[in-house]
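*Asks:* Those protein sequence lines, which keep their order, are chains A and B. Be aware that the first sequence starts at 6, since it is given in our numbering, and climbs by one per residue. Be aware that the second sequence starts at 6, since it is given in our numbering, and climbs by one per residue.
FYI, nobody ran anything at the bench for these hints, they're computed from the structure. Please note that a few of the clues may not be correct.
A pair counts as met if it fits within one copy or between any two copies, since identical chains are not told apart.
Unchecked claim - Calculated cross-link-like contacts (lysine to aspartate or glutamate; reagent style EDC-like; alpha-carbon spacing at most 20 Å):
#: 1; residue 1: Lys153; residue 2: Glu28
#: 2; residue 1: Lys154; residue 2: Glu28
#: 3; residue 1: Lys153; residue 2: Glu18
#: 4; residue 1: Lys166; residue 2: Asp104
#: 5; residue 1: Lys166; residue 2: Glu114
#: 6; residue 1: Lys254; residue 2: Glu196
#: 7; residue 1: Lys254; residue 2: Asp145
#: 8; residue 1: Lys137; residue 2: Asp104
#: 9; residue 1: Lys186; residue 2: Glu111
Note that the structure is a prediction, hence the values are computed from the model and not measured.
Protein chains: 2
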Amino acid sequence: MIDNIEINGTYIETYEKPPSPVEFLRNCVQPNRPAVIKNAFSHWPAYNLWTNEYLREKMGDSIVTVATTPNGYADAVTYDPVTDREYFALPHEQKMTLDRFLKIIEGKELTPHAHYISLQNDSLHTEYSILKDDIEEEIDWCSAALGKKPDAVNFWMGDEKSTTSLHKDPYENCYAVLRGKKTFVLLPPSEYYCLHEQLYPSAIYTPSDESNGATYKLTPLDPPMKTPWIPVDPLHPDLERYPRFQHAKPIVVTVEKGEMLYLPALWFHQVLQHGDEGVIAINAWYDMDYRNILYPSFGLFRNLLLGGDNNEDDDSE
Amino acid sequence: MIDNIEINGTYIETYEKPPSPVEFLRNCVQPNRPAVIKNAFSHWPAYNLWTNEYLREKMGDSIVTVATTPNGYADAVTYDPVTDREYFALPHEQKMTLDRFLKIIEGKELTPHAHYISLQNDSLHTEYSILKDDIEEEIDWCSAALGKKPDAVNFWMGDEKSTTSLHKDPYENCYAVLRGKKTFVLLPPSEYYCLHEQLYPSAIYTPSDESNGATYKLTPLDPPMKTPWIPVDPLHPDLERYPRFQHAKPIVVTVEKGEMLYLPALWFHQVLQHGDEGVIAINAWYDMDYRNILYPSFGLFRNLLLGGDNNEDDDSE
Numbered sequence: 006m007i008d009n010i011e012i013n014g015t016y017i018e019t020y021e022k023p024p025s026p027v028e029f030l031r032n033c034v035q036p037n038r039p040a041v042i043k044n045a046f047s048h049w050p051a052y053n054l055w056t057n058e059y060l061r062e063k064m065g066d067s068i069v070t071v072a073t074t075p076n077g078y079a080d081a082v083t084y085d086p087v088t089d090r091e092y093f094a095l096p097h098e099q100k101m102t103l104d105r106f107l108k109i110i111e112g113k114e115l116t117p118h119a120h121y122i123s124l125q126n127d128s129l130h131t132e133y134s135i136l137k138d139d140i141e142e143e144i145d146w147c148s149a150a151l152g153k154k155p156d157a158v159n160f161w162m163g164d165e166k167s168t169t170s171l172h173k174d175p176y177e178n179c180y181a182v183l184r185g186k187k188t189f190v191l192l193p194p195s196e197y198y199c200l201h202e203q204l205y206p207s208a209i210y211t212p213s214d215e216s217n218g219a220t221y222k223l224t225p226l227d228p229p230m231k232t233p234w235i236p237v238d239p240l241h242p243d244l245e246r247y248p249r250f251q252h253a254k255p256i257v258v259t260v261e262k263g264e265m266l267y268l269p270a271l272w273f274h275q276v277l278q279h280g281d282e283g284v285i286a287i288n289a290w291y292d293m294d295y296r297n298i299l300y301p302s303f304g305l306f307r308n309l310l311l312g313g314d315n316n317e318d319d320d321s322e
Numbered sequence: 006m007i008d009n010i011e012i013n014g015t016y017i018e019t020y021e022k023p024p025s026p027v028e029f030l031r032n033c034v035q036p037n038r039p040a041v042i043k044n045a046f047s048h049w050p051a052y053n054l055w056t057n058e059y060l061r062e063k064m065g066d067s068i069v070t071v072a073t074t075p076n077g078y079a080d081a082v083t084y085d086p087v088t089d090r091e092y093f094a095l096p097h098e099q100k101m102t103l104d105r106f107l108k109i110i111e112g113k114e115l116t117p118h119a120h121y122i123s124l125q126n127d128s129l130h131t132e133y134s135i136l137k138d139d140i141e142e143e144i145d146w147c148s149a150a151l152g153k154k155p156d157a158v159n160f161w162m163g164d165e166k167s168t169t170s171l172h173k174d175p176y177e178n179c180y181a182v183l184r185g186k187k188t189f190v191l192l193p194p195s196e197y198y199c200l201h202e203q204l205y206p207s208a209i210y211t212p213s214d215e216s217n218g219a220t221y222k223l224t225p226l227d228p229p230m231k232t233p234w235i236p237v238d239p240l241h242p243d244l245e246r247y248p249r250f251q252h253a254k255p256i257v258v259t260v261e262k263g264e265m266l267y268l269p270a271l272w273f274h275q276v277l278q279h280g281d282e283g284v285i286a287i288n289a290w291y292d293m294d295y296r297n298i299l300y301p302s303f304g305l306f307r308n309l310l311l312g313g314d315n316n317e318d319d320d321s322e
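Next up, chain A with everything else stripped away, as it sits in the complex (with noise of 0.2 Å):
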């Protein structure tokens, strides 16, 4: 019955410049499907006016959230040596000044470690909101399409250490690149079952002791608590430990600086990041429409999967 579906899971879109709302829902929401949209927020002062001398000027001794890993991997699924387990992995939250955590990413300040500006829940009106007059509150016609404003919008900066692994969100997300380029690592939600989503025990990584801060380990969360999360990393997938990947068909795409991807709500994405002196990115989330059969779909083979109520708290980039 289905066998005569267009197979487009390798295809995505590419837009020359912003499309109508009726064509953005039409061809990218209704049937979750990505797409590069360039031309998108060339307009924006931010676009050429976030130097990093200019976030120095503006922000340098604001104190900012920084996620901090030994690996690159904040909430991934991490093999930790000590206890021989396999941990969900929440990142040390480092505050310090902009100004240092432009430093570190400069090479100024040499560090083991990686460090990624990734807060989130709107960062660019909480720790960033210095920086807000620069972008445009909202995306225009993603918001005439879908007939609401953004949820949140979120600074984002970091470097090649950092990599995001590989989950969803329940937003419409629309993923700006500033400076750098991002590479997108997309699989549909019908994809599920080849990513072998399980429950791990959640760790996060904290300054070790006895060396006085310069390693990290990982110390589970008290009370213990499992999050469901994706063990797969599609780019160089262990198919003898996860034989379903092999029929998953990822959807690679490099976003260069200019472009906007529009991400759909629900779709599986890791993201890995390239650039000197730092990648910016902003993104705006909107709300994805609980009324499309898409959410209850997914959440009945996520459970036929999984089995019972699992933590649905997996919001990130």
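We have chain A; now place chain B onto it with these hints.
*Replies:* Chain B only, in chain A's frame:
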């Protein structure tokens, strides 16, 4: 996980005028929700022109196809007392002049049977092409929203004797009532499980030789063919035979003259009609967007329940 989704199974949106293409996509098509739309076609010449007198004048001598059954149920699960079996019963497709059809509907020719002009497959452009300039070729806001033209525009005329049994179509359906009124009993695709669809041997009504054609008998198709169909009458459900229907939440909506129903793809619908001198409707079928997860999700549910491949040839009203 889905406990907090709004239960809106018994609600139908009403628009006082046609929605904009964006509104229509966002609030009707994408969430797959029906709506009643007023003032959508009062500018069609047909709205005032299509009296029986006018229809006779334009095409009284034209030969038209009329679905004829002894009980008003064409394309419905029907108990046959002769063989003591249930069949999926196809109507006798009778050819007659439109003038004769109108006489039957007007009660000037008495008949024990039910007669329904329900030819479909773009009947406005085949048997009723002489009337096509009396309406607009497409629903402009719907075409703009969906980015396509209708696959078919159909002319319907019948009376209270004929009912269309519960079924679904893979089309976005704009259904305009031009005379009389039609009652739609609507059920969302997600309630498929409650409807007890089963496979039935197919049979066709044929005039019986013994009665000189005055009565009909059910003749099984040769070669035999099975058709998946829904046996439940949603307004008078036999809950002993079809207990899952007790969980269904039908929306019952009567569409008055001058109103249009947006009937979303894959929604189950039973249709009744009321009015003297014939109930007339025009509907436009727009192919559904198969990129939407609705189609494969529904196919999965259906195959889980019915098993294997099934005859998908269930396009009607």
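*Asks:* If you check each hint against the structure, which ones fail?
*Replies:* Violated hint: only 7; rest satisfied.
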